[in-house]
Amino acid sequence: MMKRDKALEIIARQYPDGIVVAVYQTAFDWLAIRPHPLNYVGVGAMGQASSHALGLALGRPDRKVVVLDGDGSLLMNLGTLVTVAQAGPPNLIHFVSYNGTYEVNGRYPIPGGGAIDFCALARAAGYSRTYHFSEIEDLAERIPDVFAGAGPVFAVLEVETGIEYPRDFSIIHSPDMRRTFHQALKQLASK
Amino acid sequence: MHGESTDHPAPGPLKGTSIISALKHAGVKFVAALPDIVTCDSVLWPLTSDPDLKLVTVCKEDEGVSICTGLSYCEQRAVLLMQHTGFLDSINAIRAIALEYGHPVVMIVGLQGMEPDREPRHSNQYGIQILEPILEAMGMDYGLLTHDEDTQAIVPIIEKAYARSRPYTFLVARSPD
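Taken in order, these protein sequences are the chains called A and B.
Sequence positions in the first sequence follow this note's numbering and run 1 to 191.
Sequence positions in the second sequence follow this note's numbering and run 1001 to 1177.
Treat the hints as calculated values from the structure; they're not laboratory data.
Honestly, I wouldn't trust all of these hints.
Quick list of in silico lysine-lysine cross-link-like pairs, DSS-like style, CA-CA up to 30 Å [stated by the list, open to error]: (1) A/K186 <-> B/K1054; (2) A/K191 <-> B/K1054; (3) A/K64 <-> B/K1054.
For reference, chain B alone in the conformation it holds in the complex (with noise of 0.2 Å):
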């Protein structure tokens, strides 16, 4: 499933209601989260007021790794939402947490500075040319959410992470509306 496209012809503009709307019917409870700059607006700004999911905010994307780890021996659905930076800055706990050890650590990763037109990665900034080639080098399963019809992966993926306990992260390509 590495690098598989979620792109789909005559694609509507990705919104972030149409995101926070596949988490819920995921059976997602909780968001782990630091602020990013791609999906701050459209779906973190929102979950603060959303009675569904409980938001826990943390310092550093590393901690959501784990604070979504410990929810998943619960049996308590959780995804982190955080900016390719975090992403980038994670990469220990990611690498041990969720994929060594096998959790299922579902991470919606904004691409910020990602130029409309291009793919990841043939992109200018060198820390989003890097990132699908990491996920690849560390078996990442991955996806793109660029366009609207993009979400319509988000339930099927999250009940695949869960059932194989593996982790996926979703990379936005497009700050959503």
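This is chain A alone, in the form it adopts within the complex (with noise of 0.2 Å):
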């Protein structure tokens, strides 16, 4: 089991400054882990990041996308896996978080537990790549191969609370950090 915090802070040094949509707790880590214009945070709607993110991995497939998921968020819109599956975005890397829990919404244990293979399920979607992560040193050393290559990518990243940073609504919601993700995205070059 990997603390998500440490398990954040090696994707980040894997990937310092691109367009990543992230959900919930994971959000507000990323945000302080990785600040940067590029992150996407208001999703709106519970399950719907993956969703965004096809958006995006749609509309500039120059560049990578990252979705940093969270496990309840994916259940309830698992149909996504197929629709990722089916646009087949080369460009798009889809992590999810999975301590089995709804963990801003007190804690309580999403549907099937502990006991839920996202790996299988996104292979049978059709994502052309799947990865498992428990330990941090074997994301470590595999994050390159996670990045490399064409996707969609799906990565499961088993993982405990570590440092938690500070849940900040206003943060997630602020018309400003919409307003910076488009400015910064329409400055961001064309490969």
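Hints in hand, dock the two standalone chains.
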């Protein structure tokens, strides 16, 4: 089991300045670990992160788009795995923090608890590559692999709470965050 | 603009080709869709072989709200094509992403089971009766596509939606030819 903040730090080192869509506690942690104008945290409705990311990936095929999803969130929009796989954006990398709970909503267990094989679901849906990380050393070693080559890629991060950064929902929902992201994306030169 | 009517006298039958042509003239490049019995034959099937519009088939309609939003950040125009049942199912995403956040999510919503001689709010179908009141309660701009002349409104409405970063809902009240 990895501490989530440590796992996010590894992703941030691998991907210091690209587009990232993040949700709930992962979003709060990510904003602290990698503050950047290309952070997209206003997904509006639970479960929708990967769908926003798909739109971004289709709209900017020249750039990688990373989504930092949650297990409860993904369960709320499980069909997204099939939608993403069918659209097949090679530039989309879909991480899921798997801790088996609705962490922000009272730490209540998700349906299926700790027994869901999200990688199997993603493979069956048609993701081109899947990874499951439960040890920080393994993540550190193989993270370049995750980002190399064509996607859509799916990676489970089996995590427990590490440093828990403050939950400021006003930031997540703020128009300023959305404006900042939009401006940064406009200025992001085409590759 | 709530409930604005796009009806005209001496109307011609609504055509799927007119809807598709208007979308292209409005600069739309992507259509997120889940099959809707009203528009499936005349709009969705033709889109599958249209080289100018990229079709993204979704498993659930609220995905399309977010996909259109993500595309809008990339300066790419999109519409979401769905049945009114899918609209009803997606209200939370529409509420938050399209209306509260203010994104240009343009939806084309087929009214399944709509009687040809009635207005939507007087339909015998409960799910259709409640649509316009719901749209009005949400503060959503909307209009009807009933006759072919109504499709002339599509381009300026989409232009305006993107210029203002606000959503819009077209209700398709007749199966297009």
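So, going through the hints one by one against the coordinates:
Pair hint A/K186 plus B/K1054 holds up; C-alpha atoms about 22 Å apart against a cutoff of 30 Å. Taken as a hint, the A/K191 and B/K1054 pair is honoured in the structure, with Cα atoms around 21 Å apart against an allowance of 30 Å. Under the criterion of a C-alpha separation no larger than 30 Å, the hint pairing A/K64 with B/K1054 is consistent with the structure, at around 20 Å.
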